[in-house]
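Trainee: Note that this note's numbering has the sequence shown beginning at 15, numbered continuously upward.
To be clear, the hints were calculated from the coordinates, so they are not data collected in a lab.
Small disclaimer: the values here were computed from a predicted structure and weren't measured.
Hints may contain errors.
[What the hints assert, rightly or not] List of simulated lysine-lysine pairs, DSSO-like, C-alpha gap at most 27 Å: (1) K53 with K140; (2) K140 with K117; (3) K53 with K128; (4) K140 with K128; (5) K112 with K132; (6) K128 with K117.
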Amino acid sequence: MESIQLFSLASRQAEWLSVRQTVISGNIANANTPGFRAKDVAPFDAVLQNTQLPMKATNPLHFTNSTTESYMVEQKVNEGSATQLSGNSVELADEMMKQGSIKRDYDLNAAVVKAFNKMILMTVRKG
15 MESIQLFSLA SRQAEWLSVR QTVISGNIAN ANTPGFRAKD VAPFDAVLQN
65 TQLPMKATNP LHFTNSTTES YMVEQKVNEG SATQLSGNSV ELADEMMKQG
115 SIKRDYDLNA AVVKAFNKMI LMTVRKG
């Protein structure tokens, strides 16, 4: 019997959404900081395509075990956004739209996992 990959995928997307939420919140927090450049993380599908098996370390100090660092490396500066006179490129309206998108994606992720979990429980109880 093959293992169910949905829970693993949902968990990874939740991690990615958490990292993106942190980055977008940082953009909003620095909206008045002169010279601050707005950032965003790579899209989730790009993160999935770049996923490889973890490397085995011979010494625990050789590699870090933080999954959020791999997403953070994927940060990019929003080049298409307008820069203010202070050199700041944060557009609050765009950042708030991104926050809404993150919430919708999280709610959908949680609903799918909940529905799938219910299906599994129904199968186990009736079987």
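Trainee: CA of K140 to CA of K128, is that 27 Å or under?
Mentor: At roughly 18 Å apart (the allowed maximum being 27 Å), K128 and K140 satisfy the hint.
Trainee: CA of K128 to CA of K117, is that 27 Å or under?
Mentor: Within the cut-off at roughly 16 Å; holds.
Trainee: Against the 27 Å threshold, does the CA-CA distance of K112 and K132 hold or violate the hint?
Mentor: Answer violated: K112 to K132 is near 30 Å, above 27 Å.
Trainee: Straight-line Cα separation of K53 and K128 no greater than 27 Å?
Mentor: violated (32 Å)
Trainee: So if I understand the rule, the pair passes when the alpha-carbon distance is 27 Å or less; does K140 with K117 pass?
Mentor: Measuring from Cα to Cα gives roughly 35 Å; hence the hint is violated.
Trainee: Next pair to validate is K53 with K140; report whether the Cα-Cα distance is within 27 Å.
Mentor: Cα-Cα ~49 Å, so violated.
Consistency note: the structure conflicts with the earlier hints numbered 1, 2, 3, 5.
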